[in-house]
Amino acid sequence: MNRLFISLIITILCSAEAFCQDGLQIDKIFGGRYHNNPAAAETLIQGNDDLEDKGISLIRTLKLTNVFDEANFIEPLVTADGAKAIEKTVLYKDGLLYLGFYQLPPDGKKNRYLIYLNQKPKGGDKINVIFIEGNASYDTVSKLIKK
Amino acid sequence: MGQIDNTTLENIHELIDKFFDAQTSPDEEKILRQILVNIPYSSPKIDEARAYFSLFAMNKKASSRKKRFALRRIISIAATITVIAVIGIAYFIPSKPNQEYFSCIAGNISDDENTALNIFYEQINDAAEANSIMEQTIFESINDFSDAINSQP
Numbered sequence: 001m002n003r004l005f006i007s008l009i010i011t012i013l014c015s016a017e018a019f020c021q022d023g024l025q026i027d028k029i030f031g032g033r034y035h036n037n038p039a040a041a042e043t044l045i046q047g048n049d050d051l052e053d054k055g056i057s058l059i060r061t062l063k064l065t066n067v068f069d070e071a072n073f074i075e076p077l078v079t080a081d082g083a084k085a086i087e088k089t090v091l092y093k094d095g096l097l098y099l100g101f102y103q104l105p106p107d108g109k110k111n112r113y114l115i116y117l118n119q120k121p122k123g124g125d126k127i128n129v130i131f132i133e134g135n136a137s138y139d140t141v142s143k144l145i146k147k
Numbered sequence: 001m002g003q004i005d006n007t008t009l010e011n012i013h014e015l016i017d018k019f020f021d022a023q024t025s026p027d028e029e030k031i032l033r034q035i036l037v038n039i040p041y042s043s044p045k046i047d048e049a050r051a052y053f054s055l056f057a058m059n060k061k062a063s064s065r066k067k068r069f070a071l072r073r074i075i076s077i078a079a080t081i082t083v084i085a086v087i088g089i090a091y092f093i094p095s096k097p098n099q100e101y102f103s104c105i106a107g108n109i110s111d112d113e114n115t116a117l118n119i120f121y122e123q124i125n126d127a128a129e130a131n132s133i134m135e136q137t138i139f140e141s142i143n144d145f146s147d148a149i150n151s152q153p
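Chains as they are written, first to last, in the numbering used here: chain A, 1 to 147; chain B, 1 to 153.
Hints may contain errors.
Pulled a few chain B residues facing chain A out of the computed Cβ check, cut under 10 Å [what the hints assert, rightly or not]:
hint	residue
1	L117
2	E129
3	N131
4	I149
5	N150
Computed Cβ-Cβ distance ranges for the label pairs, DEER-style [stated by the list, open to error]:
hint	chain 1	residue 1	chain 2	residue 2	range
6	B	A128	A	K109	41 to 47 Å
7	B	I77	A	K146	53 to 59 Å
8	B	I77	A	N72	42 to 48 Å
9	B	F145	A	D50	38 to 44 Å
10	B	I142	A	G32	40 to 46 Å
11	A	A80	B	I142	26 to 32 Å
12	A	N66	B	S146	35 to 41 Å
13	A	A80	B	D144	29 to 35 Å
14	A	K122	B	N143	16 to 22 Å
15	B	I142	A	D94	17 to 23 Å
16	B	I81	A	P105	29 to 35 Å
Covered by chain A, according to a simulated footprint, are these stretches of chain B (three or more residues, beta-carbon under 8 Å) [as the list claims (entries may be wrong)]:
hint	stretch
17	121-128
18	132-142
Since the hints were made in silico from the structure, they are not lab data.
Cβ coordinates follow ideal geometry from the N, Cα and C atoms, glycine included.
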């Protein structure tokens, strides 16, 4: 009985491990790397009622202004995570990833999305990275970025 | 204890016969058991009855042991299922997160809701503009392709 009990617990923990969040490459840009950068603005939003109504429970964003060199670090992270995307829409311009919208593999029951924008090819001054997590569907999130 | 007389022995044998014929009352069975326990006397019939009662007692013990074991097993299984259910519920049912707003702008940290939301919506707006440009680019490419096809002799 004890062996059965232990076996069951181990099975559950192993199954749970399979559902745990795969570490994303873009995690490297959040949580401190740019906190002291005068050109950076980082946000975290969790539990906002309006966004929860849309099925969005967590948002993490990074905005860099006029520091396009950082694209050399950030773009490979985005494309690495994007390589595992379930759905994606990307546009390259002048050899750079201009816009990327990815639905990443879910973390358990939570859908995950990544939006990347490098405005340099179009004469803008920003690099934007937005990570979204929640129950929202691909259509719901893509509507956010439709004019 | 001394020897018992033949009459008593005969009575005991009669009682044993009555018992094996299933004709004894519960009180008579009780008396018979006491007799078998207390008299040091032996006869084939008495030994047979003693053997029967010992076996019966063992079965009773075994049966109650089996019952106890079964109950313990049921409790173990129930405990296992409960633990698994609790772990499953705790892990798979999402709990509502607390509200949290964090922004760090040029090294300045804030927990102001509006600051964080403004930055987010500004970035969403940028992405929407870029998406619009992308759709326009795709549309133009399709038009170019269509023109190329149509210009074929």
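Do the hints match the structure? See the list:
1. Evaluation of the B/L117 hint against chain A yields a held restraint, the C-beta minimum of about 7 Å falling below 10 Å.
2. For B/E129, the interface hint holds, the least distance from its beta-carbon to any beta-carbon of chain A being 7 Å, beneath 10 Å.
3. The interface hint given for B/N131 holds, since its Cβ lies 5 Å from the closest Cβ of chain A, which is under the 10 Å cut-off.
4. Because the closest C-beta pair between B/I149 and chain A is about 23 Å apart, greater than 10 Å, the hint is violated.
5. Hint status for B/N150: violated, given a least beta-carbon distance of 25 Å to chain A, over 10 Å.
6. Our hint of 41 to 47 Å for B/A128 and A/K109 is violated, since their Cβ atoms are close to 28 Å apart.
7. Checked against the given bound of 53 to 59 Å, the beta carbons of B/I77 and A/K146, roughly 54 Å apart, stay inside it.
8. A C-beta distance of roughly 59 Å is found between B/I77 and A/N72, which places it outside the suggested range of 42 to 48 Å.
9. At about 41 Å, the beta-carbon gap between B/F145 and A/D50 stays in the expected band of 38 to 44 Å.
10. Distance hint check for B/I142 and A/G32: the Cβ-Cβ separation is about 44 Å, which falls inside the suggested range of 40 to 46 Å.
11. At about 30 Å, the beta-carbon gap between A/A80 and B/I142 stays in the expected band of 26 to 32 Å.
12. About 39 Å separates the C-beta atoms of A/N66 and B/S146, a value consistent with the hinted range of 35 to 41 Å.
13. Checked against the hint of 29 to 35 Å, the C-beta distance between A/A80 and B/D144 comes to roughly 32 Å, which is consistent with it.
14. Restraint check, A/K122 to B/N143: a C-beta distance of roughly 20 Å satisfies the suggested window 16 to 22 Å.
15. About 21 Å separates the C-beta atoms of B/I142 and A/D94, a value consistent with the hinted range of 17 to 23 Å.
16. As the Cβ distance of B/I81 to A/P105 is approximately 31 Å, the hint placing it in 29 to 35 Å holds.
17. Only when three residues or more bring their CB closer than 8 Å to a CB of chain A does the claim for the stretch 121-128 of chain B stand; here the count is 6, and the claim holds.
18. For a cut-off of 8 Å, the count of residues in the stretch 132-142 of chain B with a CB near a CB of chain A stands at 4, and the three-residue condition holds.
Comparing the model with each earlier hint shows violations of hints 4, 5, 6, 8; every other hint is respected.
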